[in-house]
Amino acid sequence: MSATEIRTRPSPPPVRPQRHRSVTKPVGGTIGSVALWTYAILALLPLVLMVTNSFRTNAELVTDPLGAPWPPNGQSYRVAWTDGSMARYFVNSLIITFGAVLVSTTVATMASYALARVKSRWFRGIEALFLSGLMMPIHLAILPIFYLFDALGLIDSRLGLILLYGASGVPFSIFVIATFFRQVPAELEEAAALDGANAWQTFVRIMLPLVRPAVVTVAVFRFVPIWNDFLFPLVLLRDETKYPLPVGLTKFFAENSANYSAIFAGLVITTIPLIVLFLLATRQIVAGLTAGMSK
Amino acid sequence: MRRSTGLLFVAPALLLFGMFLLYPMLTAFSYSFFSWGGTARGGFVGLDNFVTLFTKPPFTTQVPRALLHNVLFFAGTMLIQNTVGLGIAFLLYRRNRTRRALQTLYAIPYLVSPIVIGYLWTLLLSPNFGPVNTLLGKIGLESLALPWLGDPDLAIWVVIAISVWQWIGFPVLLYGAALGGIPEELSEAARVDGAGHWDTFRRITFPLLVPAIGTVSVLTFIFAMEAFALPYAIGGSIGNPAGATDFMSLLFYRTAFDSGDPNAIGVSSALATLLFIVIFGGALAATSVLRRHEQKITA
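Heads up: the protein sequence lines correspond to chains A and B, in order. Our numbering applies: residue 1 is where the first sequence begins, and numbers increase by one. Our numbering applies: residue 1 is where the second sequence begins, and numbers increase by one.
Bear in mind the hints are in silico, worked out from the structure with no lab data behind them. Backbone N, C-alpha and C define an ideal beta-carbon position, used for all residues, glycine too. There may be inaccurate statements among the hints.
Selected chain B positions facing chain A (in silico; Cβ < 7 Å) [stated by the list, open to error]:
| # | residue |
| --- | --- |
| 1 | Phe17 |
| 2 | Phe20 |
| 3 | Pro24 |
| 4 | Met25 |
| 5 | Thr27 |
| 6 | Phe90 |
| 7 | Leu91 |
| 8 | Arg94 |
| 9 | Arg95 |
| 10 | Tyr106 |
| 11 | Ser113 |
| 12 | Ile115 |
| 13 | Tyr119 |
| 14 | Pro131 |
| 15 | Thr134 |
| 16 | Ala177 |
From the derived model, a few chain A residues whose C-beta atoms are all more than 10 Å from chain B [stated by the list, open to error]:
| # | residue |
| --- | --- |
| 17 | Trp70 |
| 18 | Trp81 |
| 19 | Gly99 |
| 20 | Leu102 |
| 21 | Asp239 |
Sequences are here, hints too, so could you generate the full structure?
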């Protein structure tokens, strides 16, 4: 699947003659269906257990690990959210993730527009440079990043992480959005230019609304790895009041290693925003996952 | 658009990318060729830091062990995703009504933080209070209720299994997309000629899937060589039990930030450079094999 298919809903497949349908029966038949749904249960059961166990008290978990979460008990959420500072970690994660997604999507959309429109060897080179970033194992550069942050006074700063994640999102965002800009016909801009609009006005008023689906896909898709990242905040933050969820969770886990119920609640709190995002934007996430295929 | 205007549009992205991605990536290598006294850079020492990795304890035992675990991690993941994962994708293919829903369900664990996944399975597999062992006991399989993550011989395989469980939705999705891109007419023609499902798969579908399998392999390789958060959550930074779940990234992290060695930065940078060479070399080799195959099937 190519990134271009992200653009709109897939156009309806051409109507096939009826006789084809009898030939294209699903592989595996009923046994296949049973296997697929069994695997679906296997894929989700651990996550379901995570949620159900978070609503049981620790005493219940220890005496009967397989019991039902009834009546539900929210005590462990109080322990995690308030006593365990998960509320603070949650806010930090929101600030860092939204900030970084905003930064990378903004700069990447602007750059993509120019890269799609300027015909020049230099710009091809710049684009190749950006795309080379898709292959960079950025976590291996943690030491130079640490010294760079030290020199810029960005150690122990959420802004530093926002800029770092913002930069690391640029290659993928440009990869998807530039492809998209190339499909927008140039006539629209020519018309806008005739009406006296400058480049910036054309970009904001005409082009941006047209590429919105790609921008949304990129923003949604970048949210996930930033929300989940662990190494950078682990190394670049000192003050635990600035920790995002994954790092905060390691501290919480160490402090509550005997209170399973509270840990389950902490895991649920860390995961909920991603589940909400996934339910709201399944299509964009799936499109993002398959975008790399056209390379 | 004029080139000068275009440059203004590109500048913010270029600045951010150059400063926080390109510059650290390029300087990362240079660090490994110097001796370091704490955070102060000393003189140029050529390949000394690399020599340390191969001659001085604890690296002489820890580097091969960690690298072996990364390789096992890659091999195990490849084995399962190219059998079970590909099988699932093949079963899903043509189930037009349920395909999207099932693919979506399979992809959910992939989105969850590896730290969460690591802690979740640590609790689920807990020897005494974990639901897994309790269930095994209830259905009369007491002998299978093992200390999954506590046994040094078993732990690495459990880590691999957990990771595959989390990751498999991704190959299923990509293989699904690739299967969808194969013209229906090809397998229909084979069917008309009397080929069964298996023959059609082996002779027609599979060869056309090789590019997708290649892409997934390269991504899996990079992913496996960089594994950090999941093993960190399961075995801590030292790869408990007894280093049985140690990985290259954990070793790098310990060397850089926990070792107390004055030359920690030099040696850990050498380790990072080594890992980069492995990742980049592996990815490059796989890609070139793939290109050759593509030429063969299009020729």
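We went through each hint and held it up to the structure:
| no. | hint | verdict |
| --- | --- | --- |
| 1 | Phe17 | 5 Å, holds |
| 2 | Phe20 | 4 Å, holds |
| 3 | Pro24 | 4 Å, holds |
| 4 | Met25 | 5 Å, holds |
| 5 | Thr27 | 4 Å, holds |
| 6 | Phe90 | 6 Å, holds |
| 7 | Leu91 | 4 Å, holds |
| 8 | Arg94 | 5 Å, holds |
| 9 | Arg95 | 5 Å, holds |
| 10 | Tyr106 | 5 Å, holds |
| 11 | Ser113 | 4 Å, holds |
| 12 | Ile115 | 4 Å, holds |
| 13 | Tyr119 | 6 Å, holds |
| 14 | Pro131 | 5 Å, holds |
| 15 | Thr134 | 4 Å, holds |
| 16 | Ala177 | 4 Å, holds |
| 17 | Trp70 | 16 Å, holds |
| 18 | Trp81 | 16 Å, holds |
| 19 | Gly99 | 13 Å, holds |
| 20 | Leu102 | 12 Å, holds |
| 21 | Asp239 | 17 Å, holds |
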